[in-house]
Amino acid sequence: MKPSNEVRRLHPMTLLQRMVVSLPALGFILLPVFTSGDSTAWFNLVLAGVYAMFIIPWIALYYIRFRYWITPTELVIHSGVITRRKRNIPIERIQNIEIEQSPLPRLLGTAKVAVYTAGSAKAEGVLEYVGVHDAQEIRESLRQMQRMMQEEGSGQSDLQDEAFHVSEATSEPIFQMSTRRVFTAGAFHFSLLYLAAFFSLLQYIEPDPTVFFSWLLRGPLDPWRASIESSPWLAGILGVLTAAFLGWTSGIFISVNRFHQFRLDLIGNKLHRKHGLLTLAEGTIPLKRVQSLIIRTNPLMQRFDWFRLELQTLGIDLKESGFQVAVPFAHRHEIDAVLELIGGMSIPDQFESVSRITIRRFALRMSIAAAIILLPFHIWVADMTWGLALLPLILALSIARYRNMGFALTETGFVVRKGIFRKHMWLIPTEKMQAFSMDGNYFQRRLGVQNVYFDTAGASPMQPAELVDIPIGRAREIVNDLYTAFSADQLASKS
Amino acid sequence: MRDGVVVITRDTYMENTSNKSILPNTEAGVASFSELNKLAPEIVTVWRIKTGIWMGIFMLAVLVVDILNFFDSDKLAPFGVLPAIALIVGFSISWWIPSLRYAYWRYALQPTELVLVHGIFNRVHTVVPLRRLQHLDVSQDLFEREYELGKLIIHTAGTRSSDVSLPGLAMSEAERLRDEMKTYITDEAL
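Taken in order, these protein sequences are the chains called X and B.
Start counting the first sequence at 1; every next residue gets the next number (the numbering used here).
Start counting the second sequence at 1; every next residue gets the next number (the numbering used here).
Source of the hints: derived by calculation from the structure; they are not laboratory data.
Just so you know, these numbers come straight off a predicted model, no measurement behind them.
Note that CB positions come from ideal geometry on N, CA and C, so glycine has one too.
Derived list of chain X stretches under chain B, where covered just means 3 residues or more per stretch with a C-beta under 8 angstroms from a C-beta of chain B:
(1) 434-446
(2) 452-465
Here are the simulated distance ranges between beta carbons:
(3) 176(B) / 60(X): 54 to 64 angstroms
(4) 138(B) / 464(X): 27 to 37 angstroms
(5) 80(X) / 89(B): 52 to 62 angstroms
(6) 84(B) / 365(X): 33 to 43 angstroms
(7) 488(X) / 37(B): 25 to 35 angstroms
(8) 76(B) / 30(X): 51 to 61 angstroms
(9) 179(B) / 198(X): 56 to 66 angstroms
Next comes chain B alone, as it looks inside the complex (with noise of 0.2 angstroms):
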């Protein structure tokens, strides 16, 4: 039944996957997890209030509900205890799950492709042809502008990669990958 599978903790897994030869560039030598790139720090916080909103209208739309049965008689909990739960469970969320993030979002420009490993529970390794490149687009939200971070959306071709992104840049570097990779923006026929 588990002939040929080797069982892979997390660790084992970070410094497999980081090895050299997943990262599929014969040209360049980059290739250890550690050597990828990291996302900019700031994007931690734009993240965690991003998600801190969405977890705070969770809390609202449950303290709107626990008030409304503030005279029931047959209550699940007392009240304030539901809204509480819902105040450390997103707080929680949106404090951690941004690091986590963080901790496990890589990429690399190489010679010839652009690298990107990231995920948390789906760890996902995308390699991109920069041949295969249709458009490129630097974008920038409201919170993104404020700690001056910009995401790159490459787009190519495919359709389950038409768009990859990459989130948490800081401006002036998301602006210097998007310059240098849409020299490689060829008008080869499909």
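Chain X extracted, bound-state conformation (with noise of 0.2 angstroms):
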């Protein structure tokens, strides 16, 4: 496609695909009318009639409505059935290009174009559905129309990305997962939380579990049932048992969908990323725009030595809440490869730690938060004496904390370290760092000892990389020392 006025629609396909995709909405309406069949299901019937005549003319709608074009400077997208939208988005000010294909899309060979500027962490403008071929055309010319306002404008020509598909075939995957390794990634990756989903879900469909149950273990099976049904710890152990493995085998299933055939480029200074088995993505990650890059483990994970590095970005991927999965499963000599590959920051060898204060911070403060939710237990409904035996385990946690603990002062950044089950790892480019603070309460400050925290664009503030009890002469030195770096950068990136 070539950057004429000449305006296009969607692809055909759309229509047929958002049908399909709105069926499900009318099978949640239209349930009452299949499983009870009673006469108070006409109201469900109407419903599903007035859904359908609202639905139908409203794809068609949307479908004429929809037009985008591109010009030499601008990708333009009218839309919208009641409310009208155009959208001018400027080409130079387009960070991010995703191509994506879920099932669907990939039968009806149309797929989704998610153009993505610095101004928000959402799409700024989507293309639900073009034509595959169509969705490459479109990403090649507005990433080579950016490539020659580059040069005209600035002079610079770095040839900073070829085109990605020609050059996949030839250049070398800075990281690629096999199908083993997405397994074992996935065996790693329990999670009950889909199963969670499923009951939901199966809740409201409301089947008799136990009608269900004796279809289930009919024939040579019917003894276990028999046990099961008399033995409440055999049932409650049986139950223990599936909800595991199934909370293991959908993690596995959730890791190969996501990560089968991963695979990461490194061409010029952006990251490619290609990954999926029933939804394909694209995506593309400037390096320029990784705010800091995160390490994550658990201890399980770490005794059989894998990670996950993941790039902090701003400005894509909601879903991902800007957190972009660079190497979802490797080794550490991996990780470091890639690291040194993207430049920038590498792990130290060697973490400072924080003041041996904190054991005692943290175990008092778990202690009186203990003791805060038992005693009126205790004083007014049972003895809770037992509650002592928390003690230790409070202890062994506040020593874990401590020992996880850490931070590394580099040439090129900070790095700071922490978690006891989820251990994060933060590597902090100093060039990136937003607003430098540091703070202490009444009773840190009477320790001597200080908290410091560096802001970066697009950090999670729920899992901050602040790093607590610090004491206070070395926390000064740290800000110190960062800030002195931040400036000379300064200084050198204004020359």
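Since each chain comes alone in its own frame, lean on the hints to assemble the complex.
Quick look at the structure:
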């Protein structure tokens, strides 16, 4: 597609696609009609009729109203059924173009194109759906025009990204996952979340569990049923085992679906990522937009030397809340290799630890919290002396927390490591820091310790890379050193 | 257990935090705590009024409960005692806390950064590099307008410090700071 003012529409299959996608909702509305069949269900029939009356014209109108075209400077999208929206996205502001193909579009030969700019974490422009070839053409022509603009504009002709699908065949990926690796990743990705979602769905449909159960365990399995029904212990153990098994298999399934044939390429100064089994996803992460790097693991994964590398970015996929998985599951040396290739930061060999006062402070805080919860019960309800047995546990947790907390000042940035069960390590480049802050409450000041925090764009408020209980003098030195480096970097970038 | 840790009292802390090395400015030599700027003193009155309103609402709630329980036989205290306590506590909180807040608030606009030091219980020390500014707001609420005060809100791209606010500036000072700082807003890509 050349940058002509030729107005384009979505792929006609979008009509079919949207119809199919709206079917489950219809199914839900009609469900009482199918299951009960009694006279009270007529209301749902009416509802379904109304729904169909609105949704079909809406789909058609949406298709008719949706137009897009590429001018030499902008991507223009006109859309909207009731509220009309005309959106102009300047091509030079486009940061990332993602092409996604979920199962149905793959069957129909269509794809979704999402265009991201720096302004927001949400996609600024979404084309749902265009033909696969169109999608690639759109991306290619947008990229090409960006390149041309860059060359004309600032005279800097760093040929930063060769067309991806051209060089894909020739370049060696900097990381890729074999099927075996994907399965291993899934095995470590035990999750009951999907199970919970499944059961809440079941609750809506309300099948009779006893009927289903005796149907499942009919014939040769019947003795099992008898013994399960007679022994609550066996039933309990089997229940837990089933949940564990389902949690485990769903983890594997999710991992395979998401990371099948994962590959990460480094072309110019952009990372290209491609992965997925049912839903194919392709995306680009410009390295200069990476705000910090996060390496995650847990004690079990760490035992087998497995880590995950995420990149904290701005203005990219909301689903991953600004955290792009660059390496889903890899050994330490592989992570190191990727870090070296993308440049900037590496995992330091040695970490400095925070003040040991932190053990005492954390233990005290936990004990007070436990006492606040347990004391009222102890006084008014029942004897809670067993609560004292929590004390060693609290102490052990506090020591583990202290051992896992560390930091390192490197030439290019600051590294924070913490977490007992969910271990995080943040690699924060000095040049990406947004604000420098130190704080300490009354007790911390009495004990001569302080917290330091270096804010970055897109950092998670739930998991801040804050470092607590550093001796005051050391905290001041760290802030000083980093700020000096930051200022020097500023001077360097100016000249 | 306590190696390398010096117990520091409030006064030495103030002195230490104010010493030049903690204000990580290598170029301009500003820096002892006393050299940083104080807020406009009128802000104490504004804060007192605002806290006083909340405390007044609290006192009224206690009073209503007390009136509703007027005929209760086993009351916690005779009628009028609880509202009186609420009144005294509320008054002292809204009298003392604002003046303490004021005493610990300091700011300074330096050549390359804005430095803010504040907090009574939790003392926070923030350094916002001017090249990180995204945009600036000056706001003024009803009470601040009465005293011609303004609040400067500094937005960066960071998440926790995405909006750092500097209250209690004379309106003219707030506008002066804003005008001076806005020249630093660059469209440097993130």
